[in-house]
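A.B. asks: One-letter residues, chain by chain:
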Amino acid sequence: MRKFDVNTVRKDFPLLARQVYGKPLVYFDNGATAQKPQVVIDRINQFYKEENANIHRGVHHLSQVGTDLYEESRKTIQGFLNAKFSEEIIFTKGTTDSINLVAFGYSKMLKPGDEVLITEMEHHSNIVPWQMACEYSGATCKYIPLNEKGELDLSQIDSHFNSNTKVVAVTHVSNSLGTINPIEKLIEKAHKVGARILIDGAQSLQHFKVDVQALDVDFYVFSGHKLFGPTGTGILYGKKEALDQLPPYQGGGDMIKEVKMSGTTYNELPHKFEAGTPNIAGGIALKTAIDYFDSFDIQELQKYEQELLEYAESEIKKLEGIRIIGEADEKVSVLSFVVDGAHHFDVGTLLDKQGIAVRTGHHCTQPVMDYFGINGTVRASFAFYNTKEEIDQFIQALKRALTMLG
Amino acid sequence: MKIEEIENEIIDEFGVYDDWMDKYEYIIELGKDLDLIQEANKTDDKLIKGCQSRVWLDSEMKDGVLKFYADSDAIITKGIISLLLRVFSGQKPEDIVTADLDFIDKIGLQEHLSPTRANGLLSMVKQIKLLALQNVEK
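These protein sequence lines are chains L and X, in that order. Under our numbering, the letters of the first sequence match residues 1 to 406, in that order. Under our numbering, the letters of the second sequence match residues 1 to 138, in that order.
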């Protein structure tokens, strides 16, 4: 286990040393994408310099090397999530792709009268695919509402689940509020009525450990790029029997057993869901990213991130006219806020010009914004490589922005 | 003044700023002087939706020149609109149609007019040009 020291860790991420507009970069947009450690960058380079070949189909040496590396990555991810079988790990382009894969399958399996249950907190990528599945199948899409703290309102929890509920899709952590949802309870409720449940892990795995067997979750999805890995990589974990039930999403090479002009039989898991040449370098480098991240005591990182969040919240509360959006009891290191009388676009622009990278807008969660009666927030999202000094710079920059906008 | 002359004047004005924050301080000031669209005219057909900020634009043809009135919910957007209207408002439609906007690049604000920025400004410029074109044809 590697000892966590933020100053040493920062040296692993070359981009953190750069400047923007002549100011040192303060990167607080980790919820959108995380920076990459040098080992991940090197791994991608090494693949293209020394190992590039297509996988799963060649007899030649390099093709075998690539296939082995790619399949090793699958095993690493299996271990990281504690999945039972490696074929339960499907490589995708990212969280959105993973959800679409599952929702497409359900669009073929759902019938009128069936219900899909989502929540008001979801990212658009965990709303729209399900609305589409309902549109195509005639099923109905229902949702669990929010409360004013930015948590799921579970006061009427049982009213949302019934024998018509076929699939439930819930985010583990809210991207715009930082709220950690009690997914154990939701998984239990879903299973009680015989429904499958998908958990969107795009904002969770970079903050804490997840064990898919202990959770007994049916589908768990995440993106590589938010977990310090390459963009264009993602994972769909699915219980073997749940994946076996789902029809294939895309047709093409690799996903077939036999193709005749009269019809096709599909390949076994995981290949049934992996049509076409995948992002090979990305998939291999995702293993490097996970190995890097997993070399730390993740609880230690989490504790540090919580300190950053508490510090940022206490400092920002000293400023006038700031309202924090999302005050759940259980939160990851995400600080979303609005400023009285100032537009989030103006605040974000003036922070940017001082070297502070935050995200502004509705964060692809328009229903959350509607619930709070706002059209957007400024979101600072912290990773374990961020520091209290950076938070001080952010607060100074914010003060200056507010003075200019006041 | 001709469009090109106004643009050169703006480039000169911005030439004194070498600090980004000073430049934005000035843009915010400009936003306060914008020829505002009347509240009653802020209807949906005058609204240009961006992902980040919203822009309202109204126009009126008077004595052979086109006058523009606008507003935005974001003050920086308002400041940049103010620059654009200083260039376009009160000009002949045919001059507006053929005008280029190189000055935005030259004063370092091109990011606000990029198609990916989605703050409504690029759509506003297109709308200004379209309104001008319609008035040329009249």
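If you are wondering where the hints come from, they were derived from the structure by calculation, not from laboratory data. Accuracy of the hints is not assured; some may be wrong.
Said to hold, decoys possible - Dumping the calculated DSSO-like pairs for lysine-lysine here, alpha-carbon to alpha-carbon at most 27 Å:
no., chain 1, residue 1, chain 2, residue 2
1, X, K62, X, K23
2, X, K92, L, K353
3, L, K399, X, K32
4, X, K46, L, K399
5, L, K189, L, K149
6, X, K32, L, K353
Claimed, not checked - Derived DEER-like restraints, expressed as beta-carbon distance ranges:
no., chain 1, residue 1, chain 2, residue 2, range
7, L, D340, X, K42, 16 to 24 Å
8, X, Q110, L, E148, 40 to 48 Å
9, X, Q110, L, D158, 53 to 61 Å
10, X, K42, L, S155, 33 to 41 Å
11, L, I41, X, E4, 21 to 29 Å
12, X, D33, L, P24, 54 to 62 Å
13, L, Q396, X, G15, 25 to 33 Å
14, X, E25, L, D68, 52 to 60 Å
15, L, Q131, X, E5, 47 to 55 Å
Model, not experiment: these values are computed from the prediction. Backbone N, C-alpha and C define an ideal beta-carbon position, used for all residues, glycine too.
A.B. asks: Can you confirm whether the C-alpha distance between K32 of chain X and K353 of chain L stays at or below 27 Å?
C.D. replies: It holds: about 21 Å lies between the C-alpha atoms, which stays within 27 Å.
A.B. asks: Honestly, do Q131 of chain L and E5 of chain X meet the 47 to 55 Å range at C-beta?
C.D. replies: Holds - the Cβ-Cβ distance for Q131 of chain L and E5 of chain X, about 53 Å, lies within 47 to 55 Å.
A.B. asks: Using the C-beta atoms of D340 of chain L and K42 of chain X, is the stated range 16 to 24 Å upheld?
C.D. replies: Given a distance of about 22 Å, which is inside 16 to 24 Å, the answer is holds.
A.B. asks: K399 of chain L and K32 of chain X were given as a pair; does the straight-line alpha-carbon distance stay at or below 27 Å?
C.D. replies: Holds, because 21 Å separates the two Cα atoms, which is no more than 27 Å.
A.B. asks: Between I41 of chain L and E4 of chain X, is the Cβ distance one that fits in 21 to 29 Å?
C.D. replies: violated, 47 Å
A.B. asks: Tell me if the straight-line CA distance from K189 of chain L to K149 of chain L falls inside 27 Å.
C.D. replies: OK: K189 of chain L and K149 of chain L at ~23 Å, within 27 Å.
A.B. asks: Look at the Cβ atoms of Q110 of chain X and D158 of chain L and judge whether their distance stays inside 53 to 61 Å.
C.D. replies: 55 Å Cβ-Cβ, so the 53 to 61 Å window holds.
A.B. asks: Just to be careful, I want the Cα atoms of K62 of chain X and K23 of chain X compared with a cutoff of 27 Å; is the pair within it?
C.D. replies: violated, 33 Å
A.B. asks: Verify the CB-CB distance for K42 of chain X and S155 of chain L against the hinted window 33 to 41 Å.
C.D. replies: holds, 39 Å
A.B. asks: Is the distance from the Cβ of E25 of chain X to the Cβ of D68 of chain L consistent with 52 to 60 Å?
C.D. replies: Cβ of E25 of chain X to Cβ of D68 of chain L: about 58 Å, so the range 52 to 60 Å holds.
A.B. asks: Taking the beta carbons of Q396 of chain L and G15 of chain X, is their distance inside 25 to 33 Å?
C.D. replies: The hint (25 to 33 Å, Cβ to Cβ) holds, given that Q396 of chain L and G15 of chain X are roughly 28 Å apart.
A.B. asks: Given the proposed pairing of K92 of chain X with K353 of chain L, does the C-alpha separation stay at or below 27 Å?
C.D. replies: Violated, at roughly 36 Å.
Of the numbered hints listed earlier, those contradicted by the structure are 1, 2, 4, 11, 12.
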